[in-house]
Amino acid sequence: MTPSVPRPHLPTVVGRWRSDAAVLLLTALVVALAVGVTAAVDPVTEHAADRAIAATVRDAGRQADVVATLPEWYDDPRGKELDPSTATQVRQDADLARQVLPPDLAAVVRPGVVSVTTPPLQLLDAGPGRMLQLAFVETDGRPPAVTYVDGAAPGAVRPADAGSVEVAVDRSVAEALAIGVGDRLPAEDEQGRTAELRVSGVFTADAPADDAWQVSDRLLHPVQGVADGLAYTTGAALVSAGALPDLRLSLPADDLDRRLVLTPEPSRARWRATRSLERSIVSLQSSSGVSATDLSWDSRFGAVLQRGREEVAAARGQAQVLVVGLLGATMLVLVLAAQLLVRRRRDELATLRQRGASLGGVALELLVEGLAVTVLGGVVGWGVVRLAAGSAGWTSAVPVLLVAALAVPLLGAVSADSHGGGRRVPANRGARRTAERARRLRRLAAEAAVVAAAVLTTSALLQRGVTGVGVAEDAAWGDATAASAPTWWALAGALLLVHLLPHPVRWAMRGTRRSPGGVGFLVAARVAETGVRALPVLVLVVAVAGTTVAGSLVATAREGQAAGALTAVGGDGRIDAEPQADLSDVAAEAEDEPGVVAAVAGRVEDGVRISSGGAVEVVRLVVVDAADYADLLAAGDLPDASRLALLGAAGGDSGGDPGGDPVPALLRSGGSPLADRPTVRWEDVPVVLDVVGTAPDVDASTDPVLVVDASAFADAGAVALPNTLWLSGPGTDQVIDAVASRVTGVDAVVRRSEVVEARRAAPLTSALLALAVASSALLVLLGVLGIVLSVAAEAPERSRSLGRLRALGMADRDLRRVLLGELVAPVAGIALVGWSIGVACSYAVLGALSLDLLTGEAVAPRTVVPWWTVLAVPVVVAAALGHAVLEARRVRRRDLSRLVRA
Amino acid sequence: MNEPVPPMVEVRGLTRTYGAGSTAVTALRDVTFDIAPGELVAVVGRSGSGKTTLLNLLGGLDRPDSGTVRVDGTAVSTLDDSGLSALRRDTVAYVFQTFGLIPALTAAENVGLPLRMRRTPVAERERRVELLLDLVGLRDHARQRPDQLSGGQQQRVAIARALAGSPRLLLADEPTGQLDTETGLAVMSLLRAVVESEGVTAVVATHDQVLMALADRVLAISDGRVDG
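Protein chains in written order, with full-length UniProt numbering: chain V, 1 to 902; chain R, 1 to 228.
With the rest of the complex left out, here is chain V:
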C-alpha cells in the first residue's frame, strides 16, 4: 500500500487567512518592500553604470580618441607630380580605416575627423621663433565651419607656382604671427626642406568646440613663450581640399601625417559593452602594421573604459554590501512573522497532528498560504518597480521569496511535531540529558558557523575587496561573499548578545530582589522571561547595525569627496592661467582679501621629462615658493606641509653643470624607478635634482609629481614663470572671481565647493548615496517591524501576566511602568549594542570598499561614523514606547475577569 499524497484542505487555508489577515498582509508587505528594493537595484545600477561610463568617457576628452594613422604616401624618387585626387585618396583611406572598425566600436564613435598635418614649419621671412603648422581637416567630408574676415578659402595654386601652398589662418594666429592675406611665407621643416606658404584668408571659427579643431590646438590658439632665451610663437593654418594636392607636392611624404581621429560619443557607451569594446580596441591595436605604409591604430579608450568599469565594479560592490544587509534583515523579519503566525496557531496545529494529520499535510496547507502571500507581495513589489522604472530585476529577491514561502510551513511542521504529542521524550533522565546536550551542541555548531562565516567573509573582503575577483565584469552583482561580511558580523554580534544578555538581566533581578517595590523587580523578571529570545535580537541588531554601516558609508563618502576635492584643487580655489611673472604679485594681493588665509603662485607643468640613469619619466613639475606653499597646505588642512621644509636648503648653480649642487626636490613617484639624482630639462637648461623626500599628496595627477622650490630652481638657472594661483580660506568662493580678473590669460577658475558638488552629483556616487539612504530607512523600518512582531508574539502571555498583577491590586500607573520597562528597556539596550556593532563594522570594512574610486582620493577615505547614526536607536525605542502605550491601553480596557481566567 502506497502512502497517499497529502492534499491541502482549502477551507482551512481560507479560514486561517481570515483569522490572521493582519500578520499575513504584513508579511506580504515585507515581501513587496524587499522585492521592490532588490528589483529596483538592478535597473538603477544599470542606469547609473551607463551614466558613469558616459561621464568617464566625457571627462577623458581626447584621451578617449581612437586614432588611425593612415599609410604614408609614397614619394616617387624619380620626382613627384601634382595629384588632383589627393583629397579623395585621403577620404577613401579614411573610409577603409572605418570599415575595419569592429562593429561595437563603430557604434560608439562619431564619424571622425580626417586630417593631414605637417610638423611646425619654421617661417623664414622675419627671423627665428615663428612656426606654422599646416593642417587639412575634414569632418564627415566637410571642412570645419569658418567665416572669412579677410580673403578667401585656400585653393589650388597655378601650375606656374608649383611648390607653393595656399593656407588660411585664424585671426588670433594672424595677429600672433603678424601675417595677413597675400603674404608669401617661405618655410622649412626640421630637415631644411622648404616650401612657400601663401595666406589666402583670415577666418574666425563658427564652432570652436567642433571636434575638427582638436586636430591641432594651435589652429585657434597660437602659443607664445620663451625658449633658450628666445621668444617663440607657434600657430597652425588650414589647408583646404583644393590646396591639399599642392601641399602633397610641396612637402615630402614623411612630413605629412595622415590621420583619422574617431571620438567616442559618451551617450552611446554602455556599461555592459565596455569589456567587449576593450577587446575590440586591443584587437584593433594588435592588427596595426609595423611599417609606415600600413594602417596603424592607437587609443587609450580601452584604458578609459577599464577605469570606468573598475569604478562601476566598486560602486556595485559597495551597493551590494547595503543590499545584502537589507536582504538579511528582511529574511529575519519574515522568519519572525512566520514564528508569530505559527505561535498563534500552535494549538490548532497540535490538534491537527493529534487527529492524524501528517507533517507533510500540515506543511502543505501552510505552503499554499505561504506561496499565496509570497506571490502577492512579490508581484506587487516587482510590478511597482516595473511600472516606475520600466524594467525590474528579480534574481536578488530569490532568497527573500524562498524564506517568505517556506518559513511558515517549516516552522509549522516543527511546531505540530513538538506540540502534537508525536515527539518522543526519553523516559530516563540520562537520556534526556544527552538529548539536551545534543540540542545545545547543535545550537553551538550553528553559532560557530555564523562566526566562521563572519571571519571568512571578512578575510575575503580584506583580500579582494568588493569589486569581485573572478566575477564576470558584466554580471549584475559583484562578490557577494565579501559583501556579506558586515551582515555576518552583525549576526555574530547578535548571537553573542543573546548569550550575554541574561547576565545583566540577572544582575538587575538580583539588585531589585531586595527592594521593597515591585516595578523594577517585575521588569527584570519579565525581561529575563521574554527579552532574550534570539530572533528578535538578531532582527534588531542586524537592522540597526546595517543602518549604521549605511549611514557611515554615506558620511565617509561625502567627507572623502570633500577631502578629495581639496586635494585635487590644492586649496579652496585655484586659478589656471598662462605663465606670467605678475601672478606672484596677484597672490600677495589676494592674501589681503577678506576670508583668504593663504595665496600662493606657482608653476605647474605636465608632461615634463626627467631622466635618471637610462630611464626617462614624464612628470608633473611644480615650481613654487616652498615656505609659502607649506603655509597654504597648512591653512587648508592639506597633508604633508612639513615636508616642504626639506626644500629650504637651496642648492648652488647646477645649470648646465651636472657637477654643481643639485636642487632639492620632493617626488611622489607612485613606484616610478627614478633614482635620487634625476635631471630635468627646463627650456633647454639641465637641472640636477636631489630627491630629499616624498612630495605632498596634493593634486589629482596620475603622473609622478616633482616639487621644487622656485628660488632654488631659479638659482640653478631655470626660470619658471607661475601659471597657477592657489587660494585657501573660507572667503575664497566670494573673492576668487575678483582675483581672477587681475590675471591675464585665465584658463580656468576652479572652486573646491564646485568640485565637491560635481563629485557628489556624479552618477555612481549619487546612486550609491541614494541607495544608502533608502536602505537606512528600510532597515529602520524593518527594525520597527521586528519590534512590532516580537511584541505581538508575546502579547497574549504578557496580557495574562499583567491581568494577574491587576488582580493582585497593582495600580494602573505601576502596570504602565512595568510594561514600559519590559518593552522599552531591552529594545534600547539591544539597539545600542546593534549600533556599536555597526560602528565597529564600519571601521572594519569601509576601508576595503574602494571608496577612493568615488571620492577621488589617492587612498581610502578616513572612516567617518556620524553621530546621527545613533538616531536609529531612539527611533526603534520610540516604536517600542508607542507599542507599550497602546498595549497598556488595551490591557486596561480588557475585562479583568476574563484576563485572570485565561
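It should be emphasised that the hints constitute simulated quantities derived from the structure, not laboratory data.
A portion of the hints provided could be inaccurate.
[Claimed, not checked] One-sided excerpt, in silico: chain R residues whose CB lies under 10 angstroms from chain V:
#1 Leu61
#2 Ser82
#3 Arg89
#4 Gly100
#5 Ala104
#6 Leu105
#7 Arg118
#8 Arg125
#9 Arg128
#10 Leu131
#11 Glu198
#12 Gly199
[Unchecked claim] Have a look at the derived ranges for each label pair, beta carbon to beta carbon:
#13 R:Glu182 <-> V:Arg813: 26 to 32 angstroms
#14 R:Ser22 <-> V:Val384: 45 to 51 angstroms
#15 R:Asp147 <-> V:Leu371: 17 to 23 angstroms
#16 R:Asp80 <-> V:Pro11: 31 to 37 angstroms
From the three backbone atoms N, C-alpha and C, an ideal C-beta is built for every residue, glycine too.
Assemble the complex: chain V is given as a structure, and chain R must be docked to it using the hints.
Chain R only, in chain V's frame:
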C-alpha cells in the same frame, strides 16, 4: 447585650447581564445575601450558573448592572479604578482555578508580590513569605519556579500569595478544578486551616463535595439566583 457584628460581605439586589438584545445572558438576578466575618462560604452550582460572576463582582474584577456590594463596609460597586486596585491590594485576595502565578518568579517571589505592591519593608516581607510558605508546606520549594512545581504545589503557592497581604476577604474560584482528588482534598484542608488561622472570611466557588462539607455555609446558585 452584644452589638450586632456588621457583615464582611453585604450583597443587595445584585444583577449582571452579559451581552444585549436577544443574545443577552443574565448571569445574576437580584441576588441578595450577607457573609459574616470569618465565615467560609462555599458557592455551588452548575457550570454557567453565575458562580464566577458573583466572585468577580465581590472582588471588584467586574461591575454590576444594578445592586450593591459592600466588602468590609466599602461599597465596591461605586469605587473607581484606583479604588478597586486599592481594594484588591488591601482587602480582597483571589485564588484562581488556573493558579495565576507569574511564571518568571520563584514561589517565594510570587508569594511576596502583594507585599511588594504595598511596599512592605524587605525584612518584614521575607519573614511573612517564609511564614506563609511554611504554612502551606512549601518551605523547601521557595526558590522553585511555577513550572518546576506540581499543580497542587502551585495552588498552595497561590493560596499563600493570596494570604500574604492579610486580606479581609479571600475569594477562590474553583481552586481544586485543575487538581486530582487527593491533591484537591489537601488544598481544601489547607484552605480551611488557613482561614481559621488567619481569621479570613472566604468565599469559595466549587463543585467539590468535600469543600462543601468543610464550609460554614453553602450558597447554591441556580439560573442566576441564590438559594440558601
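**Report entry** Violated hints, by number in ascending order, as checked against the structure
**Finding:** 9, 10, 11, 12, 13, 15, 16
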